[in-house]
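Visitor: Listed below are the residues making up each chain.
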Amino acid sequence: MPRPTLKNCLLAAMMFSSLSLMGCQSARIENPLIAPGVVNADEEQQLAFWHELAQRPLVANDEAFHALLLFVDGKDENTDYAGRVEALKSRRMLPGSFNAPADQAITRGDLAVALAGALDIKGGVMMRLTGGTSARYATRELIYQGVYPQGVEYQTFTGTQFVGIIAQAEDYQREHGRKETPASPVE
Amino acid sequence: MNLCTKVLLTALLTTSAGMLVMADAPTDVPVEPRTEQTADKPAAEKIQATIREVKGIVQYRTGDDQPWQKVAEGMVLDVGVEFRTGPRSSVTFHLPPDQVITLDRLGTLKLLDAINNDDSTIAKTELGMRYGRTRYQVEGAQDVEHHATIRSPSATLAIRGTQDVTLTDQRPGRASASSKGTRVYFRSTGSPTQVVFGSNNDSSTQSVEEGDSSPAESTNRKRTVDAGPSNARSKNEFELINNYELYNGKQMNNQGVMSFRAQGPTQAPTTQPSCCGN
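Line by line, the protein sequences are chains A and B.
According to the working numbering, the first sequence holds residues 1 to 187 in order.
According to the working numbering, the second sequence holds residues 1 to 278 in order.
Derived by calculation from the structure, the hints in this document are not laboratory data.
Predicted model, so just to flag it, every value in this text is computed and none were measured.
Even for Gly, the Cβ is constructed at its ideal location relative to N, Cα and C.
Among the hints, erroneous ones may be present.
[Unchecked claim] Stretch by stretch, here's where chain B covers chain A in the computed footprint (C-beta under 8 Å, at least three residues): (1) 44–50; (2) 107–121.
[Said to hold, decoys possible] List of simulated lysine to any residue pairs, SDA-like, C-alpha gap at most 20 Å: (3) B:Lys-55 x A:Pro-149; (4) A:Lys-75 x B:Gly-56; (5) B:Lys-70 x A:Glu-44; (6) B:Lys-55 x A:Ile-143; (7) B:Lys-235 x B:Asp-202; (8) B:Lys-124 x B:Arg-88; (9) B:Lys-222 x A:Arg-128; (10) B:Lys-55 x A:Tyr-144; (11) B:Lys-55 x A:Thr-130; (12) B:Lys-70 x B:Asp-98; (13) B:Lys-222 x A:Gly-151; (14) B:Lys-46 x B:Val-100; (15) A:Lys-75 x A:Asp-42; (16) B:Lys-55 x A:Lys-89; (17) B:Lys-55 x A:Arg-128; (18) A:Lys-75 x B:Lys-222; (19) B:Lys-70 x A:Glu-43; (20) B:Lys-235 x A:Glu-44; (21) B:Lys-55 x B:Glu-82; (22) B:Lys-55 x A:Asp-42; (23) B:Lys-235 x A:Asp-73; (24) A:Lys-89 x A:Pro-57; (25) B:Lys-222 x A:Glu-43.
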């Protein structure tokens, strides 16, 4: 077998580095639903946002946090992504170290941390020891509670799945004390 | 041949010919005068939906190319109307004579068809749900035969009954149907066969999820907690976990599936394999 030359080694190292960097990047969403400065204050605009989101192949961080604030508060008065992240951090629905970009696809773990905070799910020993900010344990806890499907924290959601998760979160709230609505499953 | 014979032969031939003609002739039985039941029936009547209740944010449109508009209580809408709801929202509408349909949170529903026969003894309804949860109820105890079908991307639910049915199809969850006092036919993409459950005389509630073959299987699966890595399990392992408790204990020799040999492989076992919890 011929000895590898320096040139070949450098070329192999460059290719390996390029592939690694490309593989480690999370998916980015082009043309997000939310334009900077837009606030969906109108209920009709909010409804259009939810159902357009359900048609998307992926959900960006900005879209997910906007939807989360609509779900929790019924409104989102923040006009940009930084405001939404700050609002969620102040409620301990996002860890203080969170710094993902707005157009990056939301991971199941990040959403799990936020949803666990919104639904006031304390979890088990490990989740409490990590202060509820661990993506891994928040994901596992939501799977156990039936809000999440089986999966891992670094996976993403399609738009349809994301809207379904929000619907599951609402069902969870109904089962744990919120008012019954007419179309809940037959008992 | 004498005259008498000719006459008799002629008469015989004539009679035979007449019988043959009569046999081939169409039966011209006079039609009984038409009664009211057999008179021409008017075409089945397409009925309209009346909005009974709106909660939260709900919109409707009358066609795929029409704009979305806000729904208000009391509105009367034709077949072909499509609804969509937001979070913590629902819309309930009434189809005469006694059908009540509710679309729950974050869903879309289209009224594909709604027909009553001329004397309103048969009501046929067809609904299309892209995602969400829809509840179909029948009010009162009127003498109406209901034939309703709810279609979604993952499931079809056919209803033949008089009480209370719900179809949920919202990814990433499984499609599911629940029924109270109604016989339903549930077909889902995860199951090769149709599941029939519920009874018109039974007031208990039963539910089936996508991929399950019976309400019992759905119940058994839901009450099982798998603390291990489910992504690495095979179908047989899932079945074993779901039915673990049924084999009376947690020892392997009580599984009814296998047991450990008391001695080495070169010697014959001194105990017979246990079976079925013995």
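Visitor: Confirm or reject each hint.
Guide: Structure-based check of all given hints:
no.: 1; hint: 44–50; in the structure: holds (count 5)
no.: 2; hint: 107–121; in the structure: violated (count 0)
no.: 3; hint: B:Lys-55 x A:Pro-149; in the structure: violated (28 Å)
no.: 4; hint: A:Lys-75 x B:Gly-56; in the structure: holds (13 Å)
no.: 5; hint: B:Lys-70 x A:Glu-44; in the structure: holds (8 Å)
no.: 6; hint: B:Lys-55 x A:Ile-143; in the structure: violated (29 Å)
no.: 7; hint: B:Lys-235 x B:Asp-202; in the structure: violated (33 Å)
no.: 8; hint: B:Lys-124 x B:Arg-88; in the structure: violated (30 Å)
no.: 9; hint: B:Lys-222 x A:Arg-128; in the structure: violated (26 Å)
no.: 10; hint: B:Lys-55 x A:Tyr-144; in the structure: violated (30 Å)
no.: 11; hint: B:Lys-55 x A:Thr-130; in the structure: violated (39 Å)
no.: 12; hint: B:Lys-70 x B:Asp-98; in the structure: violated (25 Å)
no.: 13; hint: B:Lys-222 x A:Gly-151; in the structure: holds (17 Å)
no.: 14; hint: B:Lys-46 x B:Val-100; in the structure: holds (16 Å)
no.: 15; hint: A:Lys-75 x A:Asp-42; in the structure: holds (9 Å)
no.: 16; hint: B:Lys-55 x A:Lys-89; in the structure: violated (31 Å)
no.: 17; hint: B:Lys-55 x A:Arg-128; in the structure: violated (37 Å)
no.: 18; hint: A:Lys-75 x B:Lys-222; in the structure: violated (35 Å)
no.: 19; hint: B:Lys-70 x A:Glu-43; in the structure: holds (10 Å)
no.: 20; hint: B:Lys-235 x A:Glu-44; in the structure: violated (45 Å)
no.: 21; hint: B:Lys-55 x B:Glu-82; in the structure: holds (16 Å)
no.: 22; hint: B:Lys-55 x A:Asp-42; in the structure: holds (16 Å)
no.: 23; hint: B:Lys-235 x A:Asp-73; in the structure: violated (42 Å)
no.: 24; hint: A:Lys-89 x A:Pro-57; in the structure: violated (27 Å)
no.: 25; hint: B:Lys-222 x A:Glu-43; in the structure: violated (36 Å)
Violated hints, in rising order: 2, 3, 6, 7, 8, 9, 10, 11, 12, 16, 17, 18, 20, 23, 24 and 25; the structure is consistent with all others.
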